[in-house]
Every structure is written in C-alpha cells, then in structure tokens.
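Novice: Mind docking chain H with the ligands on chain F? Use the hints.
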Amino acid sequence: MPPILEMRGITKEFPGVKALDDVTLSVAEGEIHALVGENGAGKSTLMKVLSGVYPHGSYDGEIFFDGAPRAFRSIRDSEDLGVIIIHQELALIPLLSVAENIFLGNERATNGIIDWKETHNRAAELLARVGLEENAETIVDDLGLGKQQLVEIAKALSKNVRLLILDEPTSSLNENDSAKLLDLLMDFREKGITSILISHKLNEVSKVADTITVLRDGSAVARMDCADGVDEDDIVRNMVGRNLEDRYPPRGTHAPGEVAMAVKNWTVHHPLHPERKVVNNVSFSVRKGEVLGIAGLMGAGRTELAMSLFGRSYGRDISGEVEINGTPVDLSTVRKAIDAGLAYATEDRKTYGLVLDDTIRRNVPLANLPEIAKNWVVDHGREAEVATRYRNRLAIKSSSIEQVTVNLSGGNQQKVVLSKWLFADPDILILDEPTRGIDVGAKFEIYTVIRDLAAQGKAIIVISSELPELLGVTDRLYVMNEGQFVGEMPTIEASQEKIMSRIVKSGEDA
Amino acid sequence: MTDTTPSTSGRAETRTSKSGLQFLKGHLREYGILIALVVIMAFFQVATGGILLKPVNLTNLILQNSYIVIMAVGMLLVIVCGHIDLSVGSVLGFIGALAAVMIVQWGLPWPLAAVICLAFGAIIGMAQGFWVAYFQIPSFIVTLAGMLVFKGLTLWLLAGQSVGPFPPDFRLISSGFVPDVFGGENLNLLTLYTGIAVAALLLWLSIRARQRQLGTGADVEPFAFFAGRSALIFGALVYMSWLMADFRGLPNVFVVMALLIAVYSFLTSRTTFGRRIYAIGGNEKAASLSGINSKRLTFLTFANMGMLAALAGLVFAARLNTATPKAGVAFELDVIAAVFIGGASMSGGVGTVVGAVVGAFIMGVMNNGMSILGIGIDWQQVIKGLVLLAAVIFDVMNKKKG
Ligand SMILES: Nc1ncnc2c1ncn2[C@@H]1O[C@H](COP(=O)(O)OP(=O)(O)OP(=O)(O)O)[C@@H](O)[C@H]1O
Ligand SMILES: [Mg+2]
Chain F
1 MPPILEMRGI TKEFPGVKAL DDVTLSVAEG EIHALVGENG AGKSTLMKVL
51 SGVYPHGSYD GEIFFDGAPR AFRSIRDSED LGVIIIHQEL ALIPLLSVAE
101 NIFLGNERAT NGIIDWKETH NRAAELLARV GLEENAETIV DDLGLGKQQL
151 VEIAKALSKN VRLLILDEPT SSLNENDSAK LLDLLMDFRE KGITSILISH
201 KLNEVSKVAD TITVLRDGSA VARMDCADGV DEDDIVRNMV GRNLEDRYPP
251 RGTHAPGEVA MAVKNWTVHH PLHPERKVVN NVSFSVRKGE VLGIAGLMGA
301 GRTELAMSLF GRSYGRDISG EVEINGTPVD LSTVRKAIDA GLAYATEDRK
351 TYGLVLDDTI RRNVPLANLP EIAKNWVVDH GREAEVATRY RNRLAIKSSS
401 IEQVTVNLSG GNQQKVVLSK WLFADPDILI LDEPTRGIDV GAKFEIYTVI
451 RDLAAQGKAI IVISSELPEL LGVTDRLYVM NEGQFVGEMP TIEASQEKIM
501 SRIVKSGEDA
Chain H
1 MTDTTPSTSG RAETRTSKSG LQFLKGHLRE YGILIALVVI MAFFQVATGG
51 ILLKPVNLTN LILQNSYIVI MAVGMLLVIV CGHIDLSVGS VLGFIGALAA
101 VMIVQWGLPW PLAAVICLAF GAIIGMAQGF WVAYFQIPSF IVTLAGMLVF
151 KGLTLWLLAG QSVGPFPPDF RLISSGFVPD VFGGENLNLL TLYTGIAVAA
201 LLLWLSIRAR QRQLGTGADV EPFAFFAGRS ALIFGALVYM SWLMADFRGL
251 PNVFVVMALL IAVYSFLTSR TTFGRRIYAI GGNEKAASLS GINSKRLTFL
301 TFANMGMLAA LAGLVFAARL NTATPKAGVA FELDVIAAVF IGGASMSGGV
351 GTVVGAVVGA FIMGVMNNGM SILGIGIDWQ QVIKGLVLLA AVIFDVMNKK
401 KG
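Heads up: the sequence lines are chains F and H, in that order.
Residues in the first sequence are numbered consecutively from 1, following the UniProt record's numbering.
Residues in the second sequence are numbered consecutively from 1, following the UniProt record's numbering.
Everything labelled a hint here was simulated from the structure, so no lab data went into it.
Some clues are possibly wrong.
Claimed, not checked - Subject to a maximum C-alpha distance of 25 Å in a straight line, what follows is the list of computed DMTMM-like cross-link-like pairs (lysine to aspartate or glutamate): (1) H/Lys-399 <-> F/Glu-89; (2) H/Lys-285 <-> F/Asp-357; (3) H/Lys-285 <-> F/Asp-427.
The shape of chain F in the complex, shown without the other chains:
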C-alpha cells in the first residue's frame, strides 16, 4: 500500500526545548499506526504539527498527504482533507447536547438556519456507527468519559475522516470501554479509514497496531512492523533505550502497622440529585505502611468517595465518621483534612490539579506554602530548591522549573500534581489514577515512590482503573461498585478475574 501520510525531517522548537528533531513518519493507507514514547517524547507535538495546530512555517520539514506536499495553516485546512485529531484532553462543550457537539462548526444548516431534524437524524446515525446507545439530545456533561470519547469519534466521522488521530484515547477509560474503542478502530480499518493511535498502554498497542513508530527525546528511534506479532518488551526497549527488568518494584518486607485511618458508614449524595447515593454506606480502613487499592469500574464512586473525604470537596448530605490514629477527626474543609495528615492527588490534573498558567516552581509548593515561607514571607530560594528537587526526583521533563505547566506534556503535568502532594508530606495519601497518561518507565518510578512512602510508614490509597497496576503495587484491595464496597481481599489472593466477578456478582444481586 502506498503511504497516505509521510512526514519528513520534522523539527519543532519551543523556547528552550527542541520538541522534535528531524522526525520521519510514514503511515500506510488503511493501517492502524501506533505512536509510542516516553512522556515528553514529542508524540502530541508531532500530531499537532500534522493537524495544523502548529501552522506551516512554525516547524521545519515536509508533510505529504495523499502524495502531495501540504502546508496546513490551521486545523481547518487539515480537516478539509479528512485529517481529524482527537486531542489528549477532550474538547467537547459540556453543556451542549451530543448532536450539537457533533456538528459544532459544521452545522447542518441552510442559509445559516439550523435544520434540527437533519441534525438529530444524522447524529443518531453516527452514534449508531460508533456503537453508542444514547439519545442525540443528551447533554454531554451527563455522559461518562468513555461515552464522551465515542462522541468525539462520531464527530470525527461526521467530517468524512480519512486519517483519524487519537491522542491517548483510552487513558481515562476502563478496560471495557477501551476494548470497545479498539474494536471500533479495527472496524474502521476494515472500512479503509487509517488511524494513528498514541497510547501508553502497550498491551493495547500490540493488540491493534499494524506498525509502530517509537519516539524518544524528539527523534523517531524505531519503526516496528507488527505483521508477525510484536513483543511488548521490544517496544519498551526502544522507548527507554534499554531493557526494563520489572514493571513493578518489589513489595518490601515490612509488615503494615496500626490502623492509620478508619472510615465508618460513609454515605454521600449527588450534589445535583440529592436523592441519589453516590457513595453508599462505605466502611474501610487503611494501615500505616500499607498500600491499599480501590478497584472498580468508571463511575463506581471511587473518586467521589475520595473527594468527599478530602474536605467534603464533592457531594452533599455527607454522613459517616472518620478516625485517624484512633481519634475521630473533623475533615469538613480541605484545610482541616490536610492538617489531619490527608492528601488527595486528583485524576483530573487540568481542572483540579494545576494552576496551568503558573510555573512548575509555583505549582509544586502550593499545598504546603508555610513550609517554604517564614512569617508568611515566601523564601524564593527555598521554593526553587524544592521545585528542583521534585523535578529531578520524578524526572519532570521541562526546560526548567520556570516552565509554565500548560506547556508540559500530559504525563509531566501529572508528575507535577504528584510532586505537589508529595511535598505536602501527608500521612495518608490518596492517589486517584496516579499513572494516567504516564509512560512505562515513569510508572515504575511512581510505583517506587509509592513503595518508599509505605516503607516510611505512610498509608497509601491507590484508586486505579488499571487492574494490573493495582495487582502490582498494592497490598490489599477493595472492590467498589455502584457506590458500595462489594469485596475485600489481600492482593496476593487477587486476580483480574476475581475482581471482575465480584463486580458482576454485585450487579446481579442488586
């Protein structure tokens, strides 16, 4: 097959960083081409160059699409040719309906007057094509992330897509939704639509990709043909430049200590629909030196549980008790929760995690400002020192601690959020999807940090939708489904099947 896309010698510089250095990418028509690499390797940047987000002239090199050289000056230019990108961070308008979102900027209209019937019919057709069973008039905000992702794809289909680019589409989806999405991609392949898939989930990549291009430090270091199968370890080796022995650090030998936090009969109601119980009578405890996992499907109420514990940041009519070190505590504000030794690192770094227009230096100490201040006066030297320490410890790829966080790659933003909470030095640390969008190498680093903290006697709670991760890093697991805890097991006795069966069973009982 002739290549539908060829990018040659692409070089893109930002002040202080060469994000792409003479990258060549060739994608054959009708294939699924995976783009992998560490955080900050330049994957998203390369796709932004391709789709015209960075206009022609702002980079060096050439782009050939359909055999002809192209100079896209905007996203519109590339979309006109059927190159559609779905960004790492979804770009739907939350308060508009599914149909309105699908045809945003591309309205079904005659003389500027929208034809709603046509809009809804076409939208319904597209939803059927992506296998989303929702009414086209549903407000996007009411859909889960997995469904929103499908709406994005329906939107792409509405534009006569020829090359579909998906930047980490499954990073916030559960296994089920991910599998559906990948099936959809394979379905598209049958119909001749080419896709480029960026992902840190290498099992998915090896499952669906026909060809893999590996980026490292802004260069394309390998091109792997998957016709006769591909080994995940090979991909990893190309990504990090060496063998990665283990995916998870050893558990260590220390035994968990006393109970650090005990939650009793915790119930939380939905903030807008007070009759709905989002967390229903949950009781659990976590010990010092223990890594506790909470497994469950998207929407099981795990984030809501964590946020409601952390200063009542979510929900209403919250009831239940919390004891820390055996004494009842008042966690009614975030400040009180932090003072009680609790920390919560969010899964949603852009909305809840970072002050995006601020630098790494100013974001890292935000939850523990008194530590870098004397009598309310910030010690800038100490602040820089702290930021530098965490930048090195978590290998936050950036031009300096003065880099504005909005310009960091997704995975590196996640690391800044983690830094912030590590610096707050909590006794009980709740990590919500701590490795979302983080590359394999850095994941190992984060697991190591988690184990180190546990070894120091901290209690860690990990919420994750990636079961292998929970199995690899935790000591004990709770399974949550529809607001309730439906199972508890030591991790050594747990398996993916066991966890899933608990979820399924609880669903049947209900």
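Specialist: Just chain H with the ligands now, with coordinates in the frame of chain F:
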C-alpha cells in the same frame, strides 16, 4: 531520576543559552510597559515644550492621579483573584459624601470621621465580597448593583447638593506637604534625600534579588538589561525627587501612595497570601483542593478594595474641598483600564502591583499632557480608549507567540 529512564533528563537540560534578544522576547511585557511610559512621557515633554516635567506640573500630576493609583492597587488584587469591582467610583463618591456630612454638618473631628469612613468602606467591600465569595454571585453583577446603590445613596446623603468646605486640617491630606526637617532654602532637602535613599534602597534590593537568582539558576535577566533597567529607575527616581524638591517637596498623598505601593507589592510578590490570591485566580478549583480557603481570601480582597476606595474617597474629597454628587463618576473605568494596561489578565491569575501603578501613570500622563496641549475631553477619551485596546492587543499577541 535514577537509572530507570536515563534519557528523560538529557535533552530538556540542554537549554539554548539565552541571548539578550531571546530574554527580551520572553519578557517583552514587563519592559514594554516601562518603555511605553518613558516614551509617552518623552513625547509629551517635547510636545508640551517642557511643561510636563516642570516641578509644579509633576507634583500636580501625582496629586491628580493619587486616588486612581490607590484604587488601582486594590483593583489589581480583585482582578488577579479573577473578579472585577465596578462599584469603586460610586463608593469613592459615597465615602466623600459621608465624610462631608460627618465633618461639615455634624462637626465630628476629622481623624475620627476618617477612621469611620475607612471602616465603612471595608464594610461595603465585605457586603459585596460576601455575595461573590460565599454565594458565587458573579462579581460583575454584584458590583454593578453596588455601583447603582452607592451612586443613589450619595445623592440621598448630599440631598443633591454639594457639601463643603472642609476644615483646613482635613484638606492637608491632599494638599499638604511633608515639612522639610532639613530646612533647605530653595530646595526641599528632605524630598531630595528621601528620593535618593529610596532609589538606593531599591537598587540594593534588586541587586540582592539578582544575586539570589543567580544562585538558584532561575531565569536570570542578562546583565546589560539589569543594569539598564536599574539605571533608568534609579535615575528617574532621583530626577523626580529633585523636581519635586524644587517645588514644595513631598506631597502627603505621595507618601501614602508610595507606602501602599511598597506594602502591596511585597504582599503580592513575596507572601503566602499573595501566592494564594494568584493561585485562586489561576485555577480556583485546584487552589481550593490545595487547602487554600478561596472563599475567605476572595472576601478579604473585596473588603480591602472597599477600604482603599474609601481612602481614595477621602483623598478626593480633600482635594476638591467639597463633596459633590458627581464625585467618582466613571472612575472605575480609569482604574480598571490602568490595571489592564499594566498587564493583568481578564481571566485572573496574572498581573503586578507595579504594573497597575505604571498603567495608572500612563493614563495620568496622557490626561495631563493632552490637557496641556488643549486637546478636548472628546478626543482625550478616544485616545485613551485606543491606548487601552492597543495595550491589551499587545498582551494577547505577545502571549500567543510564546
Ligand atoms: N507550547 C509549548 N511550549 C514549550 N514547550 C512545549 C510546548 N508544548 C510542548 N512542549 C515540550 O515539548 C516536549 C514534547 O511534548 P509532547 O506534549 O509532544 O510530549 P508527549 O510525547 O505527547 O508526552 P505525553 O506522553 O506525556 O503526553 C515536552 O518536553 C514539552 O515540555
Ligand atoms: Mg501527549
């Protein structure tokens, strides 16, 4: 990072060594505003045949703008916090009226009246901040309501009349000068010495800050820029104090203003309080989840704004020597314009006190210069509007390029 991913830190560290030009590109905004002020001053100095920087006029210029500067400092905090306060002009007028009623009609001693007025201003700010902070009512609407309410209350308080004059002591707030303890003959020595001392202090502070930065390897200004900027500021301060010394010395308001600028600059740039305000403006949710009490801080920001508007009200009333129902009309626009010219962002989280003050003086110099040139109020407004637009366009373009 340890040995797991040796490649990650490599390339990012190799920063292209910063040439002066690159640095200027990155910090165009900060220099831009300063350069703009210098250029505008130079222009009017030439256009007015040297009148602009005559000692009398310079002193006047400062007095004329004092209340805008005072309010701009408070407004900067409000805007950085992600809000706006449209009521400050009306509050200024209302407090002036209140002062007049208390001092002129009831015969209260002016210091007592002044304290009551400041407290009242703070309460007004709290009343508005309460709704904004704790009930999430948009500040635009709350303060728009406040603007109407206090405009109305001013009329009611003054019964539509002007009330005055104030006792001479009170007027000294605006028209008085700090006595020259050194007893200079033709030159006010206190002013000159103070000017030199402050200039030297600022120079010392910035040298020290630069040395610290060099120590931490942060984004450091090239030496030539540092030297140029420091020399400019040092020279300008000494020259200004000499000019003022040549007239009647340091106006009382000027001292008040300078103190406010110093205190609030420090507050915003160096304290945890300031850091939190910027974080709230930058991302309120993230700030709240970091344990920052964003409601209380927003509330305090408005209380502070109310108090500063009251202070400006006293200064303005003392300057006019009467309270009129017209006082303060449309002042909020000048104040807000000053803050935006000074580089603050509409969406919050960005801006500096010094920027806002320079912005206020850019507006002030233009007002003053155009008046001397005999340009009518009509064209003055047009030109000021265009300058505001240009400044913000420059900001946005500058940010996009980056
Ligand atoms: N607007 C920008 N300004 C400055 N640097 C930038 C900008 N955008 C990206 N970078 C830098 O370019 C590099 C590549 O970023 P990119 O987002 O392409 O990484 P990525 O491979 O997509 O990583 P991730 O897997 O974490 O999403 C990073 O070092 C990042 O900090
Ligand atoms: Mg990316």
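Novice: All the hints need checking, so say for each whether the structure fits it.
Specialist: How the hints compare with the structure:
Taking the CA atoms of H/Lys-399 and F/Glu-89, the gap is near 21 Å; set against the 25 Å cutoff, the hint holds. This hinted pair checks out: H/Lys-285 and F/Asp-357 have alpha carbons roughly 14 Å apart, not beyond 25 Å. For a cut-off of 25 Å, the pair hint linking H/Lys-285 to F/Asp-427 stands: about 23 Å separates their Cα positions.
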